[in-house]
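Q: Here is how the chains run, residue by residue.
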Amino acid sequence: MIEVKNVTKKYGKFVAVDNISFTINEGEIVGLLGPNGAGKSTTMNMITGFIEQTQGEIIVDGYDILKKPKKAKKEIGYMPEGVPLYTDLTVKEFINYMAEIKQIDKKTKKEKVQKIIEETGLKDVEKKLIKNLSRGYKQRVSMAGALVGEPKILILDEPTVGLDPKQITEIRNLIKELGKTHTVILSSHILSEVSQICNKVIIINKGKIVAIDTPENLENKVTSNNCVYVTVEDPESKMKEATEKIKDIQKIELASENEDGTKQYIIEAKGNIDLRKTIFSELAKENITIFEMKKADSTLEDAFMKLIEGGNQ
Amino acid sequence: MWAVIKKEFKSYFYSPIGYVFIGLFLIMFSIFFYTDVFTYQTTNFEYIFYSGATVLTFIVPILTMRTIAEERKTGTEQLLLTSPLSITKIVLGKFIAATSIVIITILCTFLYFGILCFFGVPHITTALVTMLGFLLLAISYISFGILASSITENQIIAGVITIGFFILIWFLPRFSTIFTNFSLINMFSKFPTGQIDIADTVTFIAFTIACLLLTIIFMQRRKSVR
Numbered sequence: 000m001i002e003v004k005n006v007t008k009k010y011g012k013f014v015a016v017d018n019i020s021f022t023i024n025e026g027e028i029v030g031l032l033g034p035n036g037a038g039k040s041t042t043m044n045m046i047t048g049f050i051e052q053t054q055g056e057i058i059v060d061g062y063d064i065l066k067k068p069k070k071a072k073k074e075i076g077y078m079p080e081g082v083p084l085y086t087d088l089t090v091k092e093f094i095n096y097m098a099e100i101k102q103i104d105k106k107t108k109k110e111k112v113q114k115i116i117e118e119t120g121l122k123d124v125e126k127k128l129i130k131n132l133s134r135g136y137k138q139r140v141s142m143a144g145a146l147v148g149e150p151k152i153l154i155l156d157e158p159t160v161g162l163d164p165k166q167i168t169e170i171r172n173l174i175k176e177l178g179k180t181h182t183v184i185l186s187s188h189i190l191s192e193v194s195q196i197c198n199k200v201i202i203i204n205k206g207k208i209v210a211i212d213t214p215e216n217l218e219n220k221v222t223s224n225n226c227v228y229v230t231v232e233d234p235e236s237k238m239k240e241a242t243e244k245i246k247d248i249q250k251i252e253l254a255s256e257n258e259d260g261t262k263q264y265i266i267e268a269k270g271n272i273d274l275r276k277t278i279f280s281e282l283a284k285e286n287i288t289i290f291e292m293k294k295a296d297s298t299l300e301d302a303f304m305k306l307i308e309g310g311n312q
Numbered sequence: 000m001w002a003v004i005k006k007e008f009k010s011y012f013y014s015p016i017g018y019v020f021i022g023l024f025l026i027m028f029s030i031f032f033y034t035d036v037f038t039y040q041t042t043n044f045e046y047i048f049y050s051g052a053t054v055l056t057f058i059v060p061i062l063t064m065r066t067i068a069e070e071r072k073t074g075t076e077q078l079l080l081t082s083p084l085s086i087t088k089i090v091l092g093k094f095i096a097a098t099s100i101v102i103i104t105i106l107c108t109f110l111y112f113g114i115l116c117f118f119g120v121p122h123i124t125t126a127l128v129t130m131l132g133f134l135l136l137a138i139s140y141i142s143f144g145i146l147a148s149s150i151t152e153n154q155i156i157a158g159v160i161t162i163g164f165f166i167l168i169w170f171l172p173r174f175s176t177i178f179t180n181f182s183l184i185n186m187f188s189k190f191p192t193g194q195i196d197i198a199d200t201v202t203f204i205a206f207t208i209a210c211l212l213l214t215i216i217f218m219q220r221r222k223s224v225r
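Respectively, the protein sequence lines represent chains A and H. Under numbering that gives the first Met the number 0, the first residue of the first sequence is numbered 0, with each subsequent residue one higher. Under numbering that gives the first Met the number 0, the first residue of the second sequence is numbered 0, with each subsequent residue one higher.
With the rest of the complex left out, here is chain H (with noise of 0.2 Å):
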């Protein structure tokens, strides 16, 4: 599995999408910042990633709409399937690769936590407690892009999928009070507070795990209808 997660992780950054999407996140996390702490003038680090969640529900395809589609598309899932890697192990290794990105991301945030240090005394708790929420998030959309990713041969596709599944369940709860449970993003707007919902931790973990076990399923399956 670590030849999977290294490969992965490799290729974000030999072709652009690695770049492009901690740059995309970054310019704008740097306006939100921008407009949150000077205009605002509050030194709320959390309050910048509730917008900062708006950003990853468009780019965390860019991230996951190749990742399974690709390799099917140019043939490729043939070299890792007839390899003694288990297909548990290939999404895995991909689920990997991409939430290191994400890591990536949130870490290069304390660097505006640092700037923040210098106007005022932030936070660390809560600003941590948030970007725990945020990586939560993110993994949960991580591991549906990768399902989206799985049940097509077409990385556009797979990419609309994706983000139309995240705008819905995003704008669901204006429909009904039913969906509020149902939104990932209102599930992570109860970190930036500073406390852990244990509840809503689970609901990411389960869904994140759901994806991906349906992923694994959804691959074995196309074994014998291939």
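Extracted from the complex, chain A is given alone in its bound form (with noise of 0.2 Å):
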């Protein structure tokens, strides 16, 4: 559906997008991820014919962007970052005049801006001047007027940022529904959702692909180590000693020191063990008292941050 292919962006002597390759196929909901000014604007911007890539090509729908450019934006339905939307006009208005920019065939545009506006649950406000909309309902509008025209791919720059939790909810659940009829490309950088949502994550750092693959997988390929979260009461000073007699443990680290006058220890296990039960059981021997015990997850948060970190070194 959509190839990148080699695609370089410079601006000056920076380059902002540096040399990426990735293919995008019909009905998936690909995650755009990275820290803040790794590029996944501008990527998007060029898969959308927005701004023009320095190098390389990028091929919508079996259209090069920049060849066939009619063609190619046709298919494409874009919500840009920060939801620009024209706030003189009501939000009907503003759908009606996307649909005609994308020209849409007038005999069924009535009908197709009314279904959008339903779909968007946009109905109870579709008289009112956008300008006088919450943030939420702006990010719908915009959502709405990159759904018109039936694009077969949606590109959805930072769409949750700044809703509140109950919208944020909202509007996933919404992209995952369109996920099922559409191809999907949002991005982020908040990683649980791309999680929830995508079924392929494509992590960009300072301009370069760190990785590519589905969530699952990038949170399994940190998991190697086994780590337990420990906080003890130990007013002896016995914790040493007792993890020592531990020989499974690879490193055991204090982290904390809380004000209660309790300690928070990371204990590290060589290869893939639990150590839960045996670490209860020597802290009990020496009289040290567990007050919370657990392990810890590798997330995606993880993966993402050894990524991003692996990147800059």
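There's no promise every hint is true.
[What the hints assert, rightly or not] Heads up, simulated PhoX-like pairs for lysine-lysine below, C-alpha to C-alpha not over 20 Å straight-line:
no. : chain 1 : residue 1 : chain 2 : residue 2
1   : A       : Lys-130   : H       : Lys-222
2   : A       : Lys-122   : A       : Lys-137
3   : H       : Lys-222   : A       : Lys-109
4   : A       : Lys-66    : H       : Lys-88
5   : H       : Lys-9     : A       : Lys-126
6   : A       : Lys-108   : H       : Lys-5
7   : A       : Lys-151   : A       : Lys-165
8   : A       : Lys-9     : H       : Lys-222
9   : H       : Lys-222   : H       : Lys-88
10  : H       : Lys-5     : A       : Lys-126
[Claimed, not checked] Some chain A residues near chain H, calculated using beta-carbon distances under 7 Å:
no. : residue
11  : Phe-21
12  : Thr-47
13  : Ile-50
14  : Gly-81
15  : Asp-87
16  : Glu-291
Treat the hints as calculated values from the structure; they're not laboratory data. If you're wondering where the values come from, they're calculated on a predicted model, not measured in any experiment. A virtual CB, placed ideally from N, CA and C, is assigned to each residue, including glycine.
Bring the two chains, given one by one in their own frames, into a single complex with the hints.
A: Structure below.
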């Protein structure tokens, strides 16, 4: 559906996107992930034809975005970063205008606009001026603008930024729903969001692709170490002795000393074993009270941080 | 392109811009009408447009300064430029919308013509030729205004560039007669004699096309440097 081949974008000497290549297949929901300034928006802007790449080729639905922009752009619904809208128009007027500039057949336009207004839950506010809407509604209007014209591909740049938790859940569900019928690319720096919605993640850092994989695989890649967080009350400072007895411990580290006198340690095991049972019984023998003990789950967050840090070194 | 024209035209009246433009022009026109017709006791409708042309110099920027600069500032240009519409159609759409506001203004001046008919027999062809010249001057001004709007994202700067340029070419002939042919207002001043000056008509149209082409080229080029 979308092929990005060896694409580079330079601003003078600054390289914003550095020789990236990836393919997105039909029906996929792809998350573009990266810290701020990694090149996510630049990449999206190039796919939509808003900016021109310095080098490389972008094929959208079989059409080169630079050589056949009209055909390629027809297949794309784009929701830019920061939801730019014509605030002087009403919701309905705006969606109508978007339908018109996307050159929708006049006969079916009215019906399609109405359908999209209902799908995105804008029925109640369709006659309101956009400038009077709340941020959440503006986001929906922008989404509706992208959806109009039945594009095969939806490109959403940070679709949930600035929303409250309830609105975030609503927008996520909407995206999931849309993912059933569209190919979706969304950018985000929120990892949990990407892992919930997407079935493929592209991690970008400093203009380069660090990883392309499913969220599950990315998590598995970094779950090699088995860590346990233990918070203990240890008045006799016997923690060191106690843990020396457990042979499977590779590393023990004091994470924090709390105000109530308890200490939190991170204990890393050799290999892939669960230490919690042994730690519990050994510490009990030494009269160390365990306040809290939990297994550290390796999350996408960790995967992300590791990959980003790896890239920086 | 029709969609852009329609939307731009409407937004002139959603914001006060359209009313301010037409209103200001008609107020000034009324004053000139009063002084010319009642003070000098003439029925020369065309001469009022002389003064009208100077007013145009100052109010065209109101119409054009936001056209592209505002889209750039608010980011809505992303919506336009990622739609299947070509840049040419976008620019033309905005140009035609602004021109239609001027046409409405010119049509309003027929009211004054009607008033004159009560007092005497004004020359209709001369009046029409003058209006044509006025329209040609207006489209030249508008196209330059749009060009200025496309090179900055600050509306005020676009407006100041536009007024600055108009005043410059207006007064240049005072420095040297070489510049006489560059002055758009000078070129217009031949029309109220009732003759369509082909050379001037062509110059007006060529100037308009050149400005619009430059705007399109600027916007196209910005794609690779943005």
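Q: All hints are to be evaluated individually against the structure, with a verdict given for each.
A: Okay, the hints, checked on the actual structure:
With a C-alpha separation of about 28 Å, the suggested pair Lys-130 (chain A) and Lys-222 (chain H) falls outside the 20 Å cut-off, and the hint is violated. About 13 Å separates the Cα atoms of Lys-122 (chain A) and Lys-137 (chain A), which keeps this hinted pair within 20 Å; it holds. Under the criterion of a C-alpha separation no larger than 20 Å, the hint pairing Lys-222 (chain H) with Lys-109 (chain A) is inconsistent with the structure, at around 33 Å. Proposed proximity of Lys-66 (chain A) and Lys-88 (chain H) is supported: the alpha carbons are some 18 Å apart, at most 20 Å.
Note on Lys-9 (chain H) and Lys-126 (chain A): the hinted pairing holds, with a Cα-Cα distance of about 16 Å set against a maximum of 20 Å. With a CA separation close to 16 Å, the supplied pair Lys-108 (chain A) and Lys-5 (chain H) stays within the 20 Å bound. At roughly 28 Å between alpha-carbon atoms, Lys-151 (chain A) and Lys-165 (chain A) are farther apart than 20 Å, so this suggested pair is violated. Restraint check for Lys-9 (chain A) and Lys-222 (chain H): the C-alpha separation of about 12 Å stays at or below 20 Å, so the hint holds.
A threshold of 20 Å between alpha carbons decides the hint, and for Lys-222 (chain H) with Lys-88 (chain H) the separation of about 16 Å falls inside it, so the pair holds. In summary, the hint linking Lys-5 (chain H) to Lys-126 (chain A) is supported, as the alpha carbons are separated by about 19 Å, within the 20 Å threshold. The beta carbon of Phe-21 (chain A) comes no nearer than 20 Å to any beta carbon in chain H, farther than 7 Å, and the hint placing it at the interface is violated. Taking 7 Å as the C-beta contact cut-off toward chain H, the hint placing Thr-47 (chain A) at the interface holds, the least distance being around 4 Å.
Using the Cβ-Cβ criterion of 7 Å, the hint placing Ile-50 (chain A) at the interface with chain H is satisfied: the shortest such distance is roughly 5 Å. The beta carbon of Gly-81 (chain A) is positioned within 7 Å of a beta carbon in chain H (closest approach about 6 Å), and the interface hint is therefore held. Nearest Cβ of chain H to the Cβ of Asp-87 (chain A): about 4 Å, under the 7 Å cut. The hint holds. For Glu-291 (chain A), the interface hint is violated, since its Cβ never comes within 7 Å of a Cβ in chain H; the closest pair sits about 48 Å apart.
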